[in-house]
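**Student:** Read off the chains here:
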Amino acid sequence: MVFTNPPVILASYSVVGPKEGQGPLGKTFSKVWKDQLNGAKSWEVAESNMLQEAMQGSIDQAGIAKDQIDYMLAGDLLNQIISSSFAARKIALPFIGLYGACSTMALGLALGSMLIDGGFARNVLVGASSHHDTAERQFRAPTEQGTQRPMSAQWTVTGAGSVLLGRRGEGPRISSATIGRVIDYAEKDVNNMGSAMAPAVADTILNHFHDLQRKATDYDLIASGDLGAVGLALATEVLKQSGIDMGTAFTDCGVMVFDPSQDVHSGASGCGCSAVVFAGNVMRRIKVGELKRVMLVGSGALHSPTSSLQGESIPGIGHAVVIDA
Amino acid sequence: MANQSLRKPTLAVSPENYKTLAQQYTPKPTIVKNVIRAFAVGGIICAIGQVIINFFVSVGLTSVEASTAATATMIFLGALLTGLGIYDEIGKFGGAGSIVPVTGFSNSIVSPAIEFKREGYVLGVGAKLFTVAGPVLVYGIATSIVVGIIYFLIH
Chain A
96 MVFTNPPVIL ASYSVVGPKE GQGPLGKTFS KVWKDQLNGA KSWEVAESNM LQEAMQGSID
156 QAGIAKDQID YMLAGDLLNQ IISSSFAARK IALPFIGLYG ACSTMALGLA LGSMLIDGGF
216 ARNVLVGASS HHDTAERQFR APTEQGTQRP MSAQWTVTGA GSVLLGRRGE GPRISSATIG
276 RVIDYAEKDV NNMGSAMAPA VADTILNHFH DLQRKATDYD LIASGDLGAV GLALATEVLK
336 QSGIDMGTAF TDCGVMVFDP SQDVHSGASG CGCSAVVFAG NVMRRIKVGE LKRVMLVGSG
396 ALHSPTSSLQ GESIPGIGHA VVIDA
Chain B
629 MANQSLRKPT LAVSPENYKT LAQQYTPKPT IVKNVIRAFA VGGIICAIGQ VIINFFVSVG
689 LTSVEASTAA TATMIFLGAL LTGLGIYDEI GKFGGAGSIV PVTGFSNSIV SPAIEFKREG
749 YVLGVGAKLF TVAGPVLVYG IATSIVVGII YFLIH
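Protein sequences, first through last, are from chains A and B. The opening position of the first sequence corresponds to residue 96 in my numbering, with each subsequent residue numbered one higher. The opening position of the second sequence corresponds to residue 629 in my numbering, with each subsequent residue numbered one higher.
Fair warning: there could be bad hints in the mix.
[Claimed, not checked] Under the rule of at most 25 Å between Cα atoms (straight-line distance), these lysine-lysine pairs were calculated in the DSS-like manner:
#	chain 1	residue 1	chain 2	residue 2
1	B	Lys745	B	Lys720
2	B	Lys745	A	Lys283
3	B	Lys720	B	Lys661
4	A	Lys335	B	Lys656
5	A	Lys310	A	Lys387
6	A	Lys382	A	Lys122
7	A	Lys382	B	Lys745
8	A	Lys122	A	Lys161
9	A	Lys387	A	Lys283
10	A	Lys122	A	Lys387
11	A	Lys129	A	Lys185
12	A	Lys335	A	Lys382
13	B	Lys636	B	Lys647
14	B	Lys720	A	Lys335
15	B	Lys720	B	Lys756
16	B	Lys656	B	Lys720
17	B	Lys745	A	Lys129
18	A	Lys310	B	Lys636
19	A	Lys126	A	Lys161
20	A	Lys283	B	Lys647
21	A	Lys283	A	Lys126
22	B	Lys745	B	Lys756
23	A	Lys136	A	Lys126
24	B	Lys745	A	Lys136
25	A	Lys310	A	Lys335
26	A	Lys129	A	Lys161
27	A	Lys185	A	Lys136
28	B	Lys636	A	Lys335
29	B	Lys756	A	Lys136
[Stated by the list, open to error] With beta-carbon atoms standing in for the labels, derived distance ranges:
#	chain 1	residue 1	chain 2	residue 2	range
30	B	Ala630	A	Asp306	15 to 25 Å
31	A	Pro355	B	Ser695	36 to 46 Å
32	B	Ala700	A	Leu404	30 to 40 Å
33	B	Leu712	A	Asn100	53 to 63 Å
34	B	Leu712	A	Lys129	15 to 25 Å
35	B	Val728	A	Arg380	42 to 52 Å
36	B	Thr638	A	Arg235	24 to 34 Å
37	A	Arg235	B	Gly754	19 to 29 Å
38	B	Val685	A	Ser356	14 to 24 Å
39	B	Lys661	A	Gly158	51 to 61 Å
40	B	Gly752	A	Gln308	47 to 57 Å
By construction, these hints were calculated from the structure, which means they are not laboratory data. The beta carbon of each residue, even a glycine, is placed where N, CA and C say it ideally should be.
Let the sequences and hints guide you as you build the complete structure.
**Tutor:** Spelled out as structure tokens, the structure:
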């Protein structure tokens with residue numbers, strides 16, 4: 096979809112945990128927490144606080160009164176998206192909860208833009224969060240249990256990012272978006288989610304280029320949500336075999352967040368991953384004029400621990416949003 | 629299950645071809661390194677166990693009593709190191725070498741206990757205590773019953 100009145104990104108704010116703060120993008124985040132709890136009594140509460148902090152950060156940065164914001168769109172990885180709902184309880188705006196696994200930020204940006212372009216909202220607050228320890232205990236094993244993670248596994252980011260979209264104002268604009276379809280190439284390994292999501296990302300990029308009659312060189316940066324190193328290589332290869340050369344502009348938020356020395360194996364993942372990389376690093380680079388046109392392709396693995404135990408493969412999804420400076 | 633009949637444009641790679649491609653791109657587990665580390669870590673843990681057994685024998689326990697006491701000590705050490713947040717680091721390094729000894733069993737019980745304390749003592753710790761060790765106990769005990777019956781029938 097191409098927006099006739101492209102919404103403006105009025106503000107962006109990101110909060111991350113200590114490990115992310117030590118990574119190569121550490122300085123691009125608005126705030127780095129000293130520990131994983133930051134004074135909360137549980138990791139779940141901490142994640143919700145983190146999202147609330149990121150949301151409030153964007154509102155404050157834009158200097159817009161809350162009653163000018165018509166909707167809050169947010170999502171996370173936890174059952175019944177509690178982090179978002181609990182953060183929305185404090186933010187107290189009309190709330191639309193989203194679940195797109197790690198693609199949530201891109202999905203929120205696309206939907207928020209539709210609300211504004213369609214004339215249903217003046218300003219929309221979009222956000223997403225994930226927390227390493229809450230995700231770990233829900234999807235995998237207790238954190239103190241001594242286990243080895245396979246080399247293809249990714250590390251869930253502790254972080255929350257938010258963006259405030261507006262109908263009027265100055266700033267980069269969201270010009271188009273492509274909502275992805277669920278693609279399943281029968282990957283079953285939950286420790287190789289990059290491989291499960293890569294075809295979905297490739298399919299969305301293929302359809303986006305087809306719809307807009309564009310190619311990779313039309314973009315300064317194409318960042319997938321969080322495929323990790325394995326998934327990024329696979330998506331590039333699948334697109335190449337489908338006749339699309341991605342060139343040098345194609346990278347992945349999951350590869351950017353951590354340095355290989357931080358022992359994260361294939362890279363980062365989680366709703367918070369693409370959210371903080373976009374709200375932090377990418378927005379900064381757009382503002383200083385380094386990037387003119389960016390595509391963010393949020394990628395989600397739409398499985399649950401139950402579906403995996405029952406032998407189902409992992410369906411993937413990719414949502415693309417394009418930002419023009 | 630893979631997708632059926634997608635509207636064009638679609639990727640030129642079929643799910644079958646993708647499977648081979650995914651295997652190519654997925655890094656292989658570092659088996660040799662992992663086996664050596666597991667051997668070393670498992671060996672060290674067992675050597676510590678032996679030292680403790682020897683200690684108990686030297687203070688006057690019989691060898692059967694010393695083994696039991698040493699097992700209890702090792703379980704305590706496993707739990708202590710889990711509580712201090714050290715055992716998961718050993719596990720990451722040593723893999724199966726730290727899972728197979730009794731200290732690994734201790735770790736698999738204590739780690740959910742720490743993890744689920746915030747959900748309360750009954751439905752948190754109580755219900756989740758055996759999430760990791762449960763399958764081992766169920767099939768371990770079931771197998772021992774079967775073996776016991778066979779032993780009884782043979783004799």
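**Student:** Hint by hint, note whether the structure agrees.
**Tutor:** Each hint tested on the structure:
At roughly 23 Å between alpha-carbon atoms, B:Lys745 and B:Lys720 fall within 25 Å of each other, so this suggested pair holds. For the proposed pair B:Lys745 and A:Lys283, the alpha carbon gap of about 32 Å is over 25 Å, so the pair is violated. For the hint pairing B:Lys720 with B:Lys661, the CA-to-CA distance comes to about 13 Å; that is within 25 Å, so the pair holds. At most 25 Å may separate the alpha-carbon atoms for a hinted pair to count; A:Lys335 and B:Lys656 meet this at roughly 24 Å.
Straight-line distance between C-alpha atoms of A:Lys310 and A:Lys387 comes to about 15 Å, which keeps the hinted pair within the 25 Å bound. Our distance criterion of 25 Å between C-alpha atoms is met by A:Lys382 and A:Lys122, whose separation comes to about 15 Å. For the suggested pair A:Lys382 and B:Lys745, the alpha carbons sit about 45 Å apart, so the restraint of at most 25 Å is broken. Annotation: proposed proximity of A:Lys122 to A:Lys161 is violated, straight-line Cα distance about 29 Å (limit 25 Å).
The hinted pair formed by A:Lys387 and A:Lys283 fails the criterion: a straight-line CA distance of about 38 Å is larger than 25 Å. With a C-alpha separation of about 22 Å, the suggested pair A:Lys122 and A:Lys387 falls inside the 25 Å cut-off, and the hint holds. Taken as a hint, the A:Lys129 and A:Lys185 pair is honoured in the structure, with Cα atoms around 23 Å apart against an allowance of 25 Å. About 31 Å separates the Cα atoms of A:Lys335 and A:Lys382, which puts this hinted pair outside 25 Å; it is violated.
Distance restraint check for B:Lys636 and B:Lys647: the Cα-Cα separation of roughly 21 Å lies within the 25 Å cut-off, and the hinted pair is therefore satisfied. In summary, the hint linking B:Lys720 to A:Lys335 is not supported, as the alpha carbons are separated by about 37 Å, beyond the 25 Å threshold. At most 25 Å may separate the alpha-carbon atoms for a hinted pair to count; B:Lys720 and B:Lys756 meet this at roughly 22 Å. Between B:Lys656 and B:Lys720 the alpha-carbon distance is near 17 Å, which keeps this suggested pair within the 25 Å criterion.
With a C-alpha separation of about 23 Å, the suggested pair B:Lys745 and A:Lys129 falls inside the 25 Å cut-off, and the hint holds. Proposed proximity of A:Lys310 and B:Lys636 is supported: the alpha carbons are some 17 Å apart, at most 25 Å. The suggested pairing of A:Lys126 with A:Lys161 holds, with an alpha-carbon distance near 22 Å, which does not exceed 25 Å. Under the criterion of a C-alpha separation no larger than 25 Å, the hint pairing A:Lys283 with B:Lys647 is consistent with the structure, at around 11 Å.
Proximity of A:Lys283 to A:Lys126 is assessed by CA-CA distance (about 36 Å); at most 25 Å being required, the pair is judged violated. About 9 Å separates the Cα atoms of B:Lys745 and B:Lys756, which keeps this hinted pair within 25 Å; it holds. Among the hinted pairs, A:Lys136 with A:Lys126 is consistent with the structure: their alpha-carbon atoms are about 20 Å apart, no more than 25 Å. The straight-line distance between the Cα atoms of B:Lys745 and A:Lys136 is roughly 11 Å, inside the 25 Å bound, and the hint therefore holds.
For the proposed pair A:Lys310 and A:Lys335, the alpha carbon gap of about 12 Å is at most 25 Å, so the pair holds. Taking the CA atoms of A:Lys129 and A:Lys161, the gap is near 29 Å; set against the 25 Å cutoff, the hint is violated. Under the criterion of a C-alpha separation no larger than 25 Å, the hint pairing A:Lys185 with A:Lys136 is consistent with the structure, at around 17 Å. Between B:Lys636 and A:Lys335, the direct Cα distance comes to roughly 17 Å. Compliance with the 25 Å bound is thereby established for this hinted pair.
About 19 Å separates the Cα atoms of B:Lys756 and A:Lys136, which keeps this hinted pair within 25 Å; it holds. Take B:Ala630 and A:Asp306: their Cβ atoms lie about 24 Å apart, and the range 15 to 25 Å holds. The beta-carbon spacing between A:Pro355 and B:Ser695, approximately 45 Å, falls within the hinted interval of 36 to 46 Å. For B:Ala700 and A:Leu404, the Cβ-Cβ distance of about 34 Å falls inside the hinted range of 30 to 40 Å, so the restraint holds.
A beta carbon spacing of about 58 Å between B:Leu712 and A:Asn100 agrees with the range 53 to 63 Å that was offered as a hint. For B:Leu712 paired with A:Lys129, a C-beta distance near 21 Å keeps the hint of 15 to 25 Å intact. In this structure the hint that B:Val728 and A:Arg380 lie 42 to 52 Å apart at CB holds, the actual value being about 49 Å. Between B:Thr638 and A:Arg235 the Cβ separation comes to about 33 Å, which falls inside the hinted range of 24 to 34 Å.
In this structure the supplied range 19 to 29 Å holds for A:Arg235 paired with B:Gly754, their Cβ-Cβ distance being about 22 Å. B:Val685 and A:Ser356 have their C-beta atoms about 46 Å apart, which leaves the hinted 14 to 24 Å range violated. With their beta carbons about 55 Å apart, B:Lys661 and A:Gly158 fall inside the hinted range of 51 to 61 Å. Distance hint for B:Gly752 and A:Gln308: a CB-CB separation of about 56 Å, consistent with the stated range 47 to 57 Å.
Taken one by one, the earlier hints fail for this structure at numbers 2, 7, 8, 9, 12, 14, 21, 26 and 38, listed in ascending order.
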